[in-house]
Amino acid sequence: MTTTDSSETAVAPRGKRRLGDLVFANSARGAGLLILAILAGVALFLIVQSLSSLTANEGNFFTSSEWSPEAGPGEEVRFGVAALAFGTVLGAAIALVLATPVAVGIALFIVYYAPRRLAALLGYLVDLLAAIPSVVYGLWGLVYLVDQLQPLYRFMAEYLGWIPLFAGPVSSTGRTMLSAGIVLAVMILPIITAMARDVFTQVPQTHREAALALGATRWEMIRTAVLPFGRPGVIGGAMLGMGRALGETMAVAMILSPSLVISPNVLQSGNQTIAAHIALQYPEATGTGVSALIAAGLVLFGITLAVNMAARFVVSRRKEFTE
Amino acid sequence: MTTATQPTATGSSGEGPDIQSSGLYSRQLPTYFPAALLVVCAAVASGAFFLLGAFHPVPVAAVTAIGYLVAVTTSSAVVENNRRAKDRLVTGVVYCCFAIAVVPLISLLSTVVVFGIERFDLYFLSVSMNGVIPSMDAGGVYHAIVGTLVITGLATVISVPIGLMTAVYVVEYGRGRLKQAITFFVDVMTGIPSIVAGLFVVALWIMVFGPGQTNGLAGAIALSVLMIPVVVRSSEEMLRLVPNELREAAYALGVPKWLTIVKVVLPTAVAGLTTGIILALARVIGETAPLILTAGMASTRINANPVEGDMMSLPVYIYKAVRDMGLSGEAGVYAEERAWAAALTLILVVMLLFLTARLVSRFLSPGKG
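As they're listed, the protein sequences go chains W and F.
Under the numbering used here, the first residue of the first sequence is numbered 102, with each subsequent residue one higher.
Under the numbering used here, the first residue of the second sequence is numbered 7, with each subsequent residue one higher.
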């Protein structure tokens, strides 16, 4: 944080205010205010445009799982986000459970285990995962990965089927929530890794050397000095990754074979996420249909906003502690 | 006693055969042991699967990894001690984690290259889909490339001034509540789901132009919402790296603050700023969901006018081809080939941007030119 304040210590010369200074300072402030306005506009426009369908809705928006917002003559407008919200959270949870331990492992590998000269290059390799567009992940998942996962799913259903989560029968296409969750896990891996790497490199050298000097092995040094110091960063990174997984659209829309049910069976096809539902339904939607999708988007916006703000809060608290 | 006398990496310089045999050091596995064990495990695993007639790299790798972890832990526990055994186990697990991350990367890139190369040629890059019916062995991505260039170009033109000026405000001018609020909400904005950015523009467009209007400008605005926070964050970091002495020197010569920023601070940081902008561009160029909502999916012809009708882009082209994969017969096969070839095109574009960013940061940075 010292670098932040240093720029303010250099005080510009006082004197009569020049026109250029005034214009430049105000346009800089204007750009900052514009960003706040955009964010407020996102929330405001979504609320305004979702009102028309929400007032026409005969079902309960939060507890219903139906989706028929475009009523024909003599029909009622009924739609709700219960199944969609469940699917969104389920997918993000699968991704988080799979990705977080691996990401911590990768971060440890890059910071403490990899040969010094290779470390930067290997870190770059993990960053490449973040550069691949989600639509390409979707294509790869749909055409290649789901077939490769089939034997694993059959194995899991046979031997772990007694756990309700993995109950059979296995979907014959492999286009299940677990497949989507695995692809989401790969997509959020670089986000969590980047955050964990950041905190692991900031662990004070004195802490680490003290542990080693007491005769700790490398793992004991990591367990006693690195992990306690890095925990808030890892939690913050995991939550940022979760925010990404909640809002990810294309990979889920392409891989999952959707249905609007609340089902915890991740090996069977079914479930759907808010984002994917919007992308799939929008091209055919009109009138209240569009408005209902905007209402669903508002729910997604609310969820991700809450998760992201919590994540930023956790990360910024860590900064206060370390200084 | 044994625990207190483990040799560390720094203490090994003074060790000789005399000390080793004097009992000061505990017994230790030779340094080549892990590598040798890994080779043995891999050989045994692949041999076993080969004899069973079910050779496949993934289960072989999984069995090798598990076998290695078990063997290295037990042998270390027998020869060395339990703490060393745990250390070796964790080392193995951490290496495995990295391998797990690399597997999907290699798998994805190799699949895209192998399948994409089938149809990836000059013809594919230089024709559009205008007049191509699904069962025709024809058509290409030219209109999608044009659309991607126009939409992302416009998004850059919108995002860079706003993002850069915000970064200047936060670093050079901002203080107090407003600065804190902007920093915090820029962070929050980074997490807006791309589909929500699309819906935002849809809602805006309904209010301004009425329902059902899709065009390239709408897509560009949606992408800007995603691009601005990335530009702000990276520019902010780059401006902070500019040494304060440069600003003070300019002030001492009587240069006004705004000229100091324009003539001293920004040129010093230009390499980092450009790199950040290119990386932000690489991030939004693959966005699909907001463009489906705002720029439409119907366009098959070349359209370079951002305010007139649907505009195709590379990611949406891939998605559209994937939806056509369900068509029966030849049509489905052609659609799949087009999807992979377009995916290869998009990945090449992104990699090109990444490479440019690296080169820019290498050759434009201060002291190198």
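Mixed in with the good hints there might be a few duds.
What the hints assert, rightly or not - Derived DMTMM-like pairs (lysine to aspartate or glutamate); straight-line CA-CA distance at most 20 Å:
1) F:LYS269 to F:GLU254
2) F:LYS185 to F:ASP143
3) F:LYS185 to F:GLU124
4) F:LYS92 to W:ASP122
5) F:LYS185 to W:GLU321
6) F:LYS269 to W:ASP122
7) F:LYS269 to F:GLU251
Unchecked claim - One side only, chain F facing chain W, incomplete, derived with CB under 10 Å:
8) LEU111
9) THR172
10) ILE308
11) ALA310
12) VAL356
These aren't lab readings, by the way, just hints derived from the structure by calculation.
We put the beta carbon where it would ideally sit given N, CA and C, even for glycine.
Each hint tested on the structure:
no. : hint                 : in the structure
1   : F:LYS269 to F:GLU254 : holds, 13 Å
2   : F:LYS185 to F:ASP143 : violated, 57 Å
3   : F:LYS185 to F:GLU124 : violated, 52 Å
4   : F:LYS92 to W:ASP122  : violated, 63 Å
5   : F:LYS185 to W:GLU321 : violated, 42 Å
6   : F:LYS269 to W:ASP122 : holds, 13 Å
7   : F:LYS269 to F:GLU251 : holds, 14 Å
8   : LEU111               : holds, 6 Å
9   : THR172               : holds, 4 Å
10  : ILE308               : violated, 21 Å
11  : ALA310               : violated, 22 Å
12  : VAL356               : holds, 5 Å
Of the numbered hints listed earlier, those contradicted by the structure are 2, 3, 4, 5, 10 and 11.
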